Amino acid sequence: MSSVIVCPSCDLAHRAAMAPVFEGSRCARCRAPLQGPENGNIDTAIALAVCALVLIFLSNAYPLVSMLYNGTTRDTTLAGAALSLYSQGHAGLAALVFITTIACPFLQILCLLYLLIPLSRKREAPWQDNIFRLLTQMRRWTFIEVFMLGALVALVRLSAYARVIPGVALWSCALLMLTLAALSSRTTPGQFWQWVERNRQ
Amino acid sequence: MRRVATGRSLGLLLCLQCRATVRALDVRHPRCPRCYAHLHSRKPHSLALTAALLICAAVLYIPANLLPVMYTRTICDDERDTIMSGVLTLLHSGSWPIAVLVFVASIVVPLLKIIVLSVVLFSTWRGSPRFRTQRSELFRMVEFIGRWSMLDVYAISLLVALVQIRSLAFVSVGWGALAFAAVVVLTQFAARTFDERLLWEKP
Chain A
30 MSSVIVCPSC DLAHRAAMAP VFEGSRCARC RAPLQGPENG NIDTAIALAV
80 CALVLIFLSN AYPLVSMLYN GTTRDTTLAG AALSLYSQGH AGLAALVFIT
130 TIACPFLQIL CLLYLLIPLS RKREAPWQDN IFRLLTQMRR WTFIEVFMLG
180 ALVALVRLSA YARVIPGVAL WSCALLMLTL AALSSRTTPG QFWQWVERNR
230 Q
Chain B
-14 MRRVATGRSL GLLLCLQCRA TVRALDVRHP RCPRCYAHLH SRKPHSLALT
36 AALLICAAVL YIPANLLPVM YTRTICDDER DTIMSGVLTL LHSGSWPIAV
86 LVFVASIVVP LLKIIVLSVV LFSTWRGSPR FRTQRSELFR MVEFIGRWSM
136 LDVYAISLLV ALVQIRSLAF VSVGWGALAF AAVVVLTQFA ARTFDERLLW
186 EKP
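Taken in sequence, the protein lines are chains A and B.
Per our numbering, the very first residue in the first sequence carries number 30; after that it's consecutive.
Per our numbering, the very first residue in the second sequence carries number -14; after that it's consecutive.
By construction, these hints were calculated from the structure, which means they are not laboratory data.
It should be emphasised that the depicted structure is a prediction, and the values quoted were computed from it without experimental measurement.
Quick reminder that beta carbons are idealized off the backbone N, C-alpha and C, glycines included.
Hints are not guaranteed to be accurate.
One-sided excerpt, in silico: chain A residues whose CB lies under 10 Å from chain B [to be verified]:
| no. | residue |
| --- | --- |
| 1 | Val33 |
| 2 | Ser38 |
| 3 | His43 |
| 4 | Gly69 |
| 5 | Asn70 |
| 6 | Thr73 |
| 7 | Phe86 |
| 8 | Ala110 |
| 9 | Val126 |
| 10 | Met177 |
Input sequences plus hints: build the corresponding full structure.
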């Protein structure tokens, strides 16, 4: 059935191109992206995932920003942002911040490594389908790039009153954002299941 | 309307998980042969679910903008900031590019998202054949930019974590922030439960 591609946005049926797609094609009717570019080397994806894992440890271990005010310093980590919300009685908001900036990015990378490492050795991880579904959910709730911009806004607001110093974690967060973007464009669902299919044949 | 070959007319199902094209079989609960996900010709109860989520989001949008999102307590004064007054403070402190950024992300984007989703939902429900391509593109754009509204929530969470100098300055969160975050989450879900393919079908 691979000779027909159905558009996920408008259900229009297209004849599939036989040659691998490099630049990505769009639906003829609704202009939605139809096939992502296949720049798929599984080892590149694993390397990026390992890189992201290191960056996520850095972003959580070091302070994000420090503030100098009348000779006293205060700094906060990524988890500190969620914790301070929790300590003020806003558990729901704290959970949302924790899930979107720490839990989802971290679990996303773990899921991906769990799936890709066996796949690169021509095997399949147990519960592959469920884990991949979990991964898609995690991806939707990873808001690292939004958090980066939010941190920038907070820095600007604070710099009017105190001296603020960006910490190590802020830089590693910025790198993490870029790495995750590169990673998810290389491990789209289409690409991943194509690797699995090639493996099964 | 021109007759075109669609997945439905050819008897094909698309797996939204792994993008596999599957021939529709006459079984009760078809599953994708590649990734074992449940297959549906269209997302179940799409329009009703989207409408319900959208109404919740629209209702919560009011407290999100009226309630204070942040309290600032310093020695000289007590200040309560709503989202809009936060933007105005940024504007007066001279950083207008950041003020514009926050204005777009936390006021324009959520409102635009609610309006666009309502228009797309209503016209799909009516089966309107006009501007299908534009509506479909608008929907995808709104789905893509929706997450950026969380910007202010993150900024506030960092301010709360940093500004805790006991006697001098103290920042705390207001319930407006929770309402605001709820609007973002609900509209994200509303965009996800909406099945775009319904937009291209006759009523």
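Using 10 Å as the Cβ threshold, decide whether A:Ala110 counts as touching chain B.
Since the shortest Cβ distance to chain B is 4 Å, the answer is holds.
Under 10 Å is the threshold here; is the Cβ of A:Thr73 close enough to any Cβ of chain B for the hint to stand?
21 Å, violated
Close enough to count: is the Cβ of A:Asn70 nearer than 10 Å to one in chain B?
Violated, about 20 Å.
Holds or violated: the hint that A:Phe86 contacts chain B, with Cβ atoms closer than 10 Å.
Violated: closest Cβ of chain B sits about 20 Å from A:Phe86, beyond 10 Å.
Under 10 Å is the threshold here; is the Cβ of A:His43 close enough to any Cβ of chain B for the hint to stand?
Holds, because the Cβ-Cβ distance from A:His43 to chain B comes to roughly 9 Å (cut-off 10 Å).
Given a cut of 10 Å on the nearest C-beta pair, is the interface hint for A:Met177 held or broken against chain B?
This hint holds: A:Met177 lies near chain B, its Cβ roughly 9 Å from the closest one there, short of 10 Å.
Does the interface hint hold: is A:Val126 within less than 10 Å of chain B, judged Cβ to Cβ?
5 Å, holds
Status of the A:Gly69 interface restraint (C-beta, 10 Å, chain B):
With a minimum Cβ separation of about 14 Å from chain B (threshold 10 Å), the hint on A:Gly69 is violated.
Restraint check, 10 Å cut-off on beta carbons, for A:Ser38 near chain B
Nearest chain B Cβ about 4 Å off; hint holds.
Does the interface hint hold: is A:Val33 within less than 10 Å of chain B, judged Cβ to Cβ?
Since chain B brings a Cβ to about 6 Å from A:Val33, closer than 10 Å, the hint holds.
Hint check: violations occur at hints 4, 5, 6 and 7; the rest are consistent with the structure.
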